[in-house]
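Enquirer: Line by line, the protein sequences give chains G and S.
One rule links them: number in my numbering = place in the first sequence (from 1) + 143.
One rule links them: number in my numbering = place in the second sequence (from 1) + 31.
Think of the hints as simulated: they come from the structure by calculation, not from any bench.
Check each hint, because a few of them may be wrong.
Now the in silico label distances, taken between C-beta atoms and shown as ranges [as the list claims (entries may be wrong)]:
1) S:K424 with G:Q356: 21 to 29 Å
2) S:H544 with G:K383: 50 to 58 Å
3) S:G141 with G:Y280: 53 to 61 Å
Simulated pairs of lysine-lysine, BS3-like, Cα-Cα distance not exceeding 25 Å [stated by the list, open to error]:
4) S:K411 with G:K383
5) G:K155 with S:K386
6) S:K222 with S:K67
7) G:K155 with S:K93
8) S:K164 with S:K222
9) S:K386 with G:K357
10) G:K383 with S:K403
Cβ atoms here follow ideal geometry from the backbone N, Cα and C, with glycine treated the same way.
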Amino acid sequence: MKDWKKYILNEKVIISLISVLISLVVAAVVMLIIGKNPLVAYAALFYGAFGTKEAIIDNLMKTSPLILTGLAVGFGFRAGLFNIGANGQVIIGALLAAYMGTMVASYPFYLSIPLVMIAGMVGGALWAAIAGWLKAYRGAHEVITTIMLNYVATFIANYVVNGPFQAPGGVPKSPAIAYSAQFPNIMSVGATSLSTIIFVSLAAIVVIYVIIQKTTIGYEVKAVGFNPYAAEYGGISIGKNVVLAMAISGALAGLAGTTQVVGVYGRYFGALGGSMGFDGITIALIGQNDPIGIGLAAFLISSIRTGSNQMQIAGVPKDMVTIIQGIIIFLVATNRIIKTLKVRKRKEVVEV
Amino acid sequence: MDKNVDYSKYAVVMKGITKRFPGVLANDRVDLFVKKGEIHAIVGENGAGKTTLMSQLYGLIKPDDGKIYINGVEAQINDPNDAISAKIGMVHQHFMLVDRLSVVENIVLGQEPVRGPFFALNRARKEIKDLSKKFGLIVDPDSIIEDMPVGMQQRVEIIKVLYRGAEILVLDEPTAVLTPQETNELFEVLKSLKSQGKTIIFITHKLNEVMAITESVTVMRLGKVTGVVKTSQTSSKELANMMVGREVLLTVEKNSAHPGDEILQVKDLVVKENRGIEAVRGLSLNVRSGEIVGIAGVAGNGQTELTEAMTGLRKVESGKIIFKGQDITGFSPKKRREMGMGHIPEDRLKHGLIKTFPIYYNFILGEHDDPKFSDGVFLKIEDIRKFSENLVKRFDVRPPKIDLLGMNLSGGNQQKVIVAREIAFDPALMIVSQPTRGLDVGAIEFIHKTLISMRDKGIGILLISMELEEIFSLSDRILTIYEGQIMGEVRPENTTTEEVGLMMAGHRLEDLHQEA
Ligand SMILES: Nc1ncnc2c1ncn2[C@@H]1O[C@H](COP(=O)(O)OP(=O)(O)OP(=O)(O)O)[C@@H](O)[C@H]1O
Ligand SMILES: [Mg+2]
Numbered sequence: 144m145k146d147w148k149k150y151i152l153n154e155k156v157i158i159s160l161i162s163v164l165i166s167l168v169v170a171a172v173v174m175l176i177i178g179k180n181p182l183v184a185y186a187a188l189f190y191g192a193f194g195t196k197e198a199i200i201d202n203l204m205k206t207s208p209l210i211l212t213g214l215a216v217g218f219g220f221r222a223g224l225f226n227i228g229a230n231g232q233v234i235i236g237a238l239l240a241a242y243m244g245t246m247v248a249s250y251p252f253y254l255s256i257p258l259v260m261i262a263g264m265v266g267g268a269l270w271a272a273i274a275g276w277l278k279a280y281r282g283a284h285e286v287i288t289t290i291m292l293n294y295v296a297t298f299i300a301n302y303v304v305n306g307p308f309q310a311p312g313g314v315p316k317s318p319a320i321a322y323s324a325q326f327p328n329i330m331s332v333g334a335t336s337l338s339t340i341i342f343v344s345l346a347a348i349v350v351i352y353v354i355i356q357k358t359t360i361g362y363e364v365k366a367v368g369f370n371p372y373a374a375e376y377g378g379i380s381i382g383k384n385v386v387l388a389m390a391i392s393g394a395l396a397g398l399a400g401t402t403q404v405v406g407v408y409g410r411y412f413g414a415l416g417g418s419m420g421f422d423g424i425t426i427a428l429i430g431q432n433d434p435i436g437i438g439l440a441a442f443l444i445s446s447i448r449t450g451s452n453q454m455q456i457a458g459v460p461k462d463m464v465t466i467i468q469g470i471i472i473f474l475v476a477t478n479r480i481i482k483t484l485k486v487r488k489r490k491e492v493v494e495v
Numbered sequence: 032m033d034k035n036v037d038y039s040k041y042a043v044v045m046k047g048i049t050k051r052f053p054g055v056l057a058n059d060r061v062d063l064f065v066k067k068g069e070i071h072a073i074v075g076e077n078g079a080g081k082t083t084l085m086s087q088l089y090g091l092i093k094p095d096d097g098k099i100y101i102n103g104v105e106a107q108i109n110d111p112n113d114a115i116s117a118k119i120g121m122v123h124q125h126f127m128l129v130d131r132l133s134v135v136e137n138i139v140l141g142q143e144p145v146r147g148p149f150f151a152l153n154r155a156r157k158e159i160k161d162l163s164k165k166f167g168l169i170v171d172p173d174s175i176i177e178d179m180p181v182g183m184q185q186r187v188e189i190i191k192v193l194y195r196g197a198e199i200l201v202l203d204e205p206t207a208v209l210t211p212q213e214t215n216e217l218f219e220v221l222k223s224l225k226s227q228g229k230t231i232i233f234i235t236h237k238l239n240e241v242m243a244i245t246e247s248v249t250v251m252r253l254g255k256v257t258g259v260v261k262t263s264q265t266s267s268k269e270l271a272n273m274m275v276g277r278e279v280l281l282t283v284e285k286n287s288a289h290p291g292d293e294i295l296q297v298k299d300l301v302v303k304e305n306r307g308i309e310a311v312r313g314l315s316l317n318v319r320s321g322e323i324v325g326i327a328g329v330a331g332n333g334q335t336e337l338t339e340a341m342t343g344l345r346k347v348e349s350g351k352i353i354f355k356g357q358d359i360t361g362f363s364p365k366k367r368r369e370m371g372m373g374h375i376p377e378d379r380l381k382h383g384l385i386k387t388f389p390i391y392y393n394f395i396l397g398e399h400d401d402p403k404f405s406d407g408v409f410l411k412i413e414d415i416r417k418f419s420e421n422l423v424k425r426f427d428v429r430p431p432k433i434d435l436l437g438m439n440l441s442g443g444n445q446q447k448v449i450v451a452r453e454i455a456f457d458p459a460l461m462i463v464s465q466p467t468r469g470l471d472v473g474a475i476e477f478i479h480k481t482l483i484s485m486r487d488k489g490i491g492i493l494l495i496s497m498e499l500e501e502i503f504s505l506s507d508r509i510l511t512i513y514e515g516q517i518m519g520e521v522r523p524e525n526t527t528t529e530e531v532g533l534m535m536a537g538h539r540l541e542d543l544h545q546e547a
C-alpha cells in the first residue's frame, strides 16, 4: 500500500504530470493567439482519441510499438547510453522476423511465433550490439555509430525488398509471412483491428521492470550508467555491460519491428518502421526511463496523435500536437525549472 | 522580537535554523554566532548537521525555519548567487570542480571574464597567479582537474572562493584531504586572510586543528548545538567528550603483530599517471598476512597510482604484482576481488560509492553476483536488506536507513558505508587508502580498532595514509614513499616523526643513517 503511494506520488511522476499540464496550457494560449477556441480543440482531440471504438483501437495499436521503442531507448539511458539507432534496429528486426516468417509455414503456431519473435529480437540486438562493441572497445560514441547504422539498415532493407526478398507486384515489399506466424486479432471494427501484439508490449514493460529492479544484470547496467568508475572498482566490466545494454535495447526495438510484421502488416515493407525509433527518445524522456512511466508516456503521445485528426477537422492545425509534445519534452528535460518552482512554493507556505 | 537585538558585530548569525529531511531532523533550532574577523570552528559527529547548516548559509538548500543575518542585517539567501553577492564563499566537503576543465576554467566558471565577445582567459590566468602567490597557494593554472591529486584540487577550490571576493569563507573539512605540511600551509593562508579582516568558518574533525587556529567553537550533536566555547577555555579532550557524549580514546591500543606468510609482493613496479608521466618508478614492497604495513608520504607521490595498479584499476607499465603466490599483474579488478583483495579507495565519491544507489545497493557493490546476494539471475533482495540492516547497525551508519541514497548521507557516513562493505567482504588482503578521512573521533576510534582486529585475525593490510599519526599508531612497519619510490622501511617504535618526515621530503634512510 505505502509502496504504491510512494510510487505514484514521487517527484518524477509529479514532474511529468506538471509538464503535461503546462504544455496543454501553453498550447491553449497559442490557440487563443491564432484565434481558435482551445476548449473546442481539446474536446475534439479527446473525442478523436477515445470517442469511438475505432479511435480507441487505433490509439492502442499506435501505443503498442511506441512502448517498445520507448523501453529500448530508456533501457539504454539507464546504462548511460544514448541509443539513437532504434529506428535501424526496428528495421533489421522486422526484416529478419519477416524472413523467418516465410520459413515457418509448416510449423504449428507455438513454434513459429516464438521463432519469428526470436529472429526479430536477435536482429535488433545484434544491430545495436555493433554500436555497443564499437563504444566499449573502440571508443566510438554511440550517438554517431547508431545514426550511421540507421542509414545502413535503411539501405539494406531497400535493397532486400527490391531484390532478393521481393514479393511480386509494384510496391517494394517482402512476401507475406506464414499464417501460423501471425498474431490473432482480439477484435475488428471496420478496417481497424486490435491485435494481440498489445500484450507483447505490456509484457515487455513487466520484463524490463523486473530486469532493472530485480536482477544482477540490472544492477550492473545501472551501476555502469550512474558511475562507471565505481562500477569498475566493484569488478563490473564496463565493456561487457555496454554491449549487453545496447543488445537489450536493440532487442526491444527489434521486437517493436517484429510486432508490426506479425500483428499489423503480415510482411515487411518500407514504411513499416516510420519514425517509431525516434519517437522512442521522446517517450523515454517523458517516461523518465521508468518502464511504467514509459508505458504511460507512449499512451499519452499516441493519444494526442490519434486525436489530432479530429482536432484538425475542428479547425485547429494538427501541428499543435507537435508543439504540445515539444513543450512536454522541454519541461521534463529541464526539470530543474519545475523543482525550483516547487521549492519556492514550499518556502512561501512556511513563511505564512 | 529579534528586531531590537544588535547583531552588527557578527559577520554571520544564524538563528533558530531548522531543517528536516525525510525521516531526519538534520538541524534542530540551531543558533550560530560568528564574530567579524574570527576563525570559528564547527565540530560534531558525522551526521550532526554541520554541512547541512553551512549549505543553508550558502543557499544550496533552504531552511524550513530560521533566519540568517549577515553583518547584522537579515539576509534572504535563496541560492548560491545570493550568497556570493553577500560575499560568502564556500569550499565544499566534496569538491565541486569540473574534472575535464583546467584550473583557470574552473575558477572562472560562472564569472567568465570577457573582452568584448571573447573569453579573456589570460587576464583570469594572471589574476589567479597573483592570488595564489599572495596566499601561498601554488597551482599550475593550466592543469586539468582530473589529473591533479586531491590536495591540489583543494587549493583550486580555495582560490576559486577568493577569486569571487569572498569576505566570509566557509571551509567544510578542508584539512581532511591535506597532509600535515599542507595543513600548516593552509593555516598560514587562513591567518593571513584573518589579518586582512576576513571571517572564516571552519569545519573539522581534527580537534588539534581547532585548538591551533580558532577563536571559538560551536559543538553540534544530533542536529542540535550542544555547546559554544572559547577555544582558549577548552581542550581537545573536553571537545571530544562534548561531541560524542562519552570518553574517547584518542590513540588505539594494540599488541604486537604475529605476521604469517607473504601475501602480497610488488616487484619493480612502474605505473604512469594520466598525463603519461611515470608516477610509480620501480617500487617494490611486500605485505605479510597478519600485519599492517603503512605507506607514509606527501599526497601526489604515486600513492594513488600505486593503489590503482594493485587493485587493477590502472595499467602496469612494467614490474609484477604477486598475490597469494600468483602473478596477478594482468588480472581484472573482479578477479582480484574474487581472490580476496579488498579495497577502501581514496576517492570515495569517484570509486567507492554510487551516489544514486540506496545504501543497501552500495553494500553489495563488488559482491552483487556472489551466491549470497544473487541466485545468478535475480538479486536476493530480502537477504541483501537483512545483511545491510546488520552492517548499518554494526558500523553505526546514521541515519540507519538502508533505503537512503548514498548522496543523502553525510560525508563521514558515506565513508562508513564503504569501510563496512569492504570489511564485511572478509578479504585476505586489504588495501586501505585514507580509511578515516572525514570521520569523527568516535568513528576513527572504531575503524582503527576494527583494522587492528582484522590484522589479529590474520588479514594483511596495506595502509596508505597522509595522516602520519594514523600511520604511526596502526602500522607494524612503515614504508615512506617519495616520487614513486620507497625511501626506506622503519618500525614505528624505532623511529620518529622527524625521520619519517625527512624521508617524505626525499631523503633516503641509508643517507640519513650515514649522516648520523
Ligand atoms: N538530501 C538529504 N536527504 C536526506 N537526508 C539528508 C540529506 N542531506 C543530509 N541528510 C541527513 O542529514 C543529516 C546531517 O547531515 P550533514 O551532511 O549535515 O552531516 P555532517 O555534520 O556534515 O556530517 P559529516 O561530518 O559526516 O560530514 C545526516 O543524517 C544526513 O544523512
Ligand atoms: Mg559534512
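Enquirer: So which of the earlier hints does this model not fit?
Expert: Those not satisfied come down to hint 3.
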